[in-house]
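> I would like the entire structure built from these sequences, with the hints used as guidance.
Number of protein chains: 2
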Amino acid sequence: MELLKQRLQDEAIIISDSIIKVDSFLNHKIDPLLMEKIALEFCTRFADKSFTKILTIEASGIAPAVITGLKMGIPVVFAKKAKPSTMTEFLTARVHSFTKDKDYNIYVSEGFIVKGDRILIIDDFLAHGSATRGLISIAEQCGAKVEGIGIIIEKGFQNGGSILRGLGYRVESLAIIDKILQNEIRFRE
Amino acid sequence: MELLKQRLQDEAIIISDSIIKVDSFLNHKIDPLLMEKIALEFCTRFADKSFTKILTIEASGIAPAVITGLKMGIPVVFAKKAKPSTMTEFLTARVHSFTKDKDYNIYVSEGFIVKGDRILIIDDFLAHGSATRGLISIAEQCGAKVEGIGIIIEKGFQNGGSILRGLGYRVESLAIIDKILQNEIRFRE
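Protein sequences appear in the order of chains A and B. Throughout the first sequence, residue numbering follows the working numbering, covering 1 to 189 in sequence. Throughout the second sequence, residue numbering follows the working numbering, covering 1 to 189 in sequence.
Hints in this document: simulated from the structure, not taken from any laboratory. Any given hint could be a false lead.
You can't tell identical chains apart in this list, so a pair holds if it fits in one copy or across any two.
For lysine-lysine, the following DSSO-like pairs were computed, each having C-alpha atoms within a straight-line distance of at most 27 Å [as the list claims (entries may be wrong)]:
#1 Lys-179 - Lys-49
#2 Lys-29 - Lys-49
#3 Lys-49 - Lys-115
#4 Lys-115 - Lys-21
Given below as structure tokens:
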């Protein structure tokens, strides 16, 4: 998606050779018009699919997931990183955050994803794929089928994308970064 | 907003005389089409205003804020409940959660809300108003002006709404709950 790559080139702040900061338009300050274009791109790429629900994870997944849900006309469920006291029956999975170097659980209330659901997973980043695999685990625990994974930015130099594709999942990433240099982000063609 | 009150009457789970659970359509599983109607209602109620940015707080504020931002054509900033390691310059405020009975800080990166901004604050719930006052504090610290506060559900039996209105803020709540009974939610007319 050229527009997204341009925004990344113009606005992403390079923190290291593996980390970029995109909080000026994606995961802190959000440009809803860009989110709408991202949502429409997911609609186009998955036009052959008929999803029943979108599954994402708080907090940065919510904005693209909700606008994609609006365009596709389907509900969105976001997994929580802490279990609310009012959540009694739930599905859970263990996720490792490489950025924060710690493990945490994600939770989805029982009944919000069910057997027969055809799931589109949406997230802002795909790096090692731990969060995405946690979402897949939650969906599959209850017999739902993950029919697509839509990612805004894939770090192609980390192994999440190849693991997921190797497992047979359909992953559509709108921008795949091959290398982060000091002053430039190199994208996969 | 009648449609919202109906959804609350039909789907909200009454936990106690002060707590309802609305995670089947608002803050865990999300109905994006309802969110769109909520966003359009905010557009109508604030039609006399010209905002430059929407300010909300993660995670449940993001969905209504982003769709409202899309309809109004303005950016959305969501305050974070934990400071990312890459956030170096920031505005912060202390918030008390009555549900969890604890204090926490919220953070917005410096430069994302600036002097001259005309802010619309959006949130899913208004109870004691602590989170909303934290957002107001962040906006006013940098010289931005809070010109409107859009709330989906106001707990009218708690004092957040009357404090904010008493301070002169324009608060538009789409459903104001006067009383939570065992099997019924009573709304303010």
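> Are the hints correct? Go through all of them and say.
Status of each hint after checking the structure:
In this assembly of identical chains, Lys-179 and Lys-49 lie within 27 Å of each other by CA distance neither inside one copy nor across copies; the values are 31 Å within and 45 Å between. Proximity of Lys-29 and Lys-49 under a CA criterion of 27 Å is satisfied inter-copy only: 21 Å between copies versus 31 Å inside one chain copy. Within a single copy, Lys-49 and Lys-115 get their C-alpha atoms as close as 17 Å, which meets the 27 Å cut-off; across copies the closest is 46 Å, which misses it. Taking the shortest Cα distances, Lys-115 and Lys-21 sit within 27 Å of each other only across copies (24 Å), while inside one copy they are farther apart (37 Å).
Hint compliance for this structure: hint 1 alone is broken.
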